[in-house]
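Kindly generate the complete structure, drawing on both the sequences and the hints.
2 protein chains.
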Amino acid sequence: VAVSSPLQALILAGGSGTRFWPLSRRLRPKQLLALEGGESLLRQTVERLQPLVAPESVWICTTEALAEAVRRDLPEVPPEQILAEPSGRNTAPALGWAVRSMPEAVRRGPIAVLPADHRVATPEAFRATLAAAADIAAGSGRIMTLGVAPHRPETGYGYLEIAPEAGVGGVRDVVRFIEKPDAERATAYAASGAHLWNAGIFVFRGDVFLAELARHAPDVAAGLEAVAAEPGRLAELYAALPSISVDYAVMEKLDSLGTLPLDCGWSDLGSWEALAEVLPADEDGNAVRGPAVAVDATDNLLVADQGTIAVLGVSGLVVVRTGDTVLVCPKERSQDVRRILAELESRGRGDLL
Amino acid sequence: VAVSSPLQALILAGGSGTRFWPLSRRLRPKQLLALEGGESLLRQTVERLQPLVAPESVWICTTEALAEAVRRDLPEVPPEQILAEPSGRNTAPALGWAVRSMPEAVRRGPIAVLPADHRVATPEAFRATLAAAADIAAGSGRIMTLGVAPHRPETGYGYLEIAPEAGVGGVRDVVRFIEKPDAERATAYAASGAHLWNAGIFVFRGDVFLAELARHAPDVAAGLEAVAAEPGRLAELYAALPSISVDYAVMEKLDSLGTLPLDCGWSDLGSWEALAEVLPADEDGNAVRGPAVAVDATDNLLVADQGTIAVLGVSGLVVVRTGDTVLVCPKERSQDVRRILAELESRGRGDLL
Chain W
1 VAVSSPLQAL ILAGGSGTRF WPLSRRLRPK QLLALEGGES LLRQTVERLQ PLVAPESVWI
61 CTTEALAEAV RRDLPEVPPE QILAEPSGRN TAPALGWAVR SMPEAVRRGP IAVLPADHRV
121 ATPEAFRATL AAAADIAAGS GRIMTLGVAP HRPETGYGYL EIAPEAGVGG VRDVVRFIEK
181 PDAERATAYA ASGAHLWNAG IFVFRGDVFL AELARHAPDV AAGLEAVAAE PGRLAELYAA
241 LPSISVDYAV MEKLDSLGTL PLDCGWSDLG SWEALAEVLP ADEDGNAVRG PAVAVDATDN
301 LLVADQGTIA VLGVSGLVVV RTGDTVLVCP KERSQDVRRI LAELESRGRG DLL
Chain S
1 VAVSSPLQAL ILAGGSGTRF WPLSRRLRPK QLLALEGGES LLRQTVERLQ PLVAPESVWI
61 CTTEALAEAV RRDLPEVPPE QILAEPSGRN TAPALGWAVR SMPEAVRRGP IAVLPADHRV
121 ATPEAFRATL AAAADIAAGS GRIMTLGVAP HRPETGYGYL EIAPEAGVGG VRDVVRFIEK
181 PDAERATAYA ASGAHLWNAG IFVFRGDVFL AELARHAPDV AAGLEAVAAE PGRLAELYAA
241 LPSISVDYAV MEKLDSLGTL PLDCGWSDLG SWEALAEVLP ADEDGNAVRG PAVAVDATDN
301 LLVADQGTIA VLGVSGLVVV RTGDTVLVCP KERSQDVRRI LAELESRGRG DLL
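Residue numbers (the numbering used here), protein chains in the order written: chain W, 1 to 353; chain S, 1 to 353.
It is worth saying that the hints were derived from the structure and are not from the lab. We put the beta carbon where it would ideally sit given N, CA and C, even for glycine. Treat the hints loosely; a few may be bogus.
Interface residues of chain S toward chain W, partial, derived using beta-carbon atoms under 8 Å [as the list claims (entries may be wrong)]:
(1) V311
(2) V314
(3) V326
(4) V328
Written out as structure tokens, the structure is:
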């Protein structure tokens, strides 16, 4: 079955995560950071789609606060396709609103929904799997997700349990969604062959998705209908939408969600530690971004956004220096960086958040 | 025996130590830093002398590069008594040159020679011992030194071996100077009752010192004579002086050097670790200067000269943030900070030194 209209990409870029503090800030969240190369994660997300998805077929759903920065970052994406949510209501309203913003003809074709802040080591493999899923979604109308074959017992991701038998084109049925597991269950999942990491990537025909949204989340669909009917009251009506994730509102409830396993060196870059794992390191195991000197120091992540970092006799640390702050913590504690933000907030240092 | 003329203080402030990098720089060495209170170590050195030594009786020997900063730091000291060496030739030439700069009448009285960058916890005790030594030096003409009773087996200091019996006024004869010992000998010295730390503090009559300099270091004395004879060639002739310490050139060779033990909470503040030991700490053992947030972190020294420091889950570290740099090292490695400077120098980053 051939793809009837060009694949669209809908990139969700409204996140305001704090895990890359102090580099990430409220107005410069993770997706706008160049954590690895010289380009932001958002820009890398757009570029790895080419030539499968042209910039004219890219749609971005972000927030009003970030829209201007997103436009500057992606000048080749039509500005009217950079959609700014007036408030954050989680992914079900965001997806519904964005798909409804597309012209009817576009909406009848396949749309890939992609997070803006993930990493892919081999874009060719990523595009091949995405194209295959788009073919299936366009041809059969089925909603597809791409799951990542787990290569370690990760407790930081949600999982998809999949059916033992592959169908036509290698598609596996998703049996159920599983929340982040404990270490014991994660170990079992990683070895089972029946579980994939939920990467938050979906491919569907827009009209199919809206129909499923209306069926499984009628309150969201009705709210979006009200938003569309009164554009002058957008902020007010959008804020009244239920705040709910698309997994919970729609995907878990589908009669038949299909998945194709994705093998492309995927990471969600969920922490400084995760970044350290993918950055190239020197002979002492130090991964360095920006000016840094390391003496008798091994296995550190040193990120100097401004100024120079000098470390002596330390191992396994994250050191991140910005113009106003420096963070120092062991790699394995980098998921807890939000505790520093809470402390700063409580001390009235919102200027650093 | 009464002091015949007011005690003069000659403060040696030409040091360019690197142990407090990155806070200390070539043009802002340790003695000009406010490491503890709000005032520089130099200024604290002057203030702790009062009322024993009035500012009008203070003399500073520093370098040309630092002279302006010293004048700004000590506006109450007569500017003509802030002497700027054209080049560094160690302490024997510096002391001889500075004493010769004093008027004849002043030179016949007692002079206390003091480093500019040490710490004293109890200034009253310090002044009392210094005054007693000045009385002896003025009355008997003897050269005196103040030695610190060791309270730990310190390998970072030189020692004075002293005679077992105290003489008049509690004076002990110095038997010999001992270089920095290894740990075993330091342990023996700390327990012996016959050893004091060499704090580099001397009290003498200026004319007596110059006579001893002429006797034991005739090349230095002759060079200083030449400097005095041709003021127009100061830079050239000063640079030609032998570079030698006053301990080695004069003090070790005296027939009779006396000492009074000093018990005043003295520290030479020789490293970030030494500073951490004297700064007040919070309930988690963190000593903090400037804005800092510590979460699950204990026994760290956090010095933020510019910006904010945030640490999470680390212990026993030194973190020092300046406008252009951050240093991270374990406290016990802080003596090795010069290795970072060597590395920066080799990379052409002299701007950070």
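Each hint, compared with the structure:
| no. | hint | verdict |
| --- | --- | --- |
| 1 | V311 | holds, 5 Å |
| 2 | V314 | holds, 6 Å |
| 3 | V326 | holds, 5 Å |
| 4 | V328 | holds, 5 Å |
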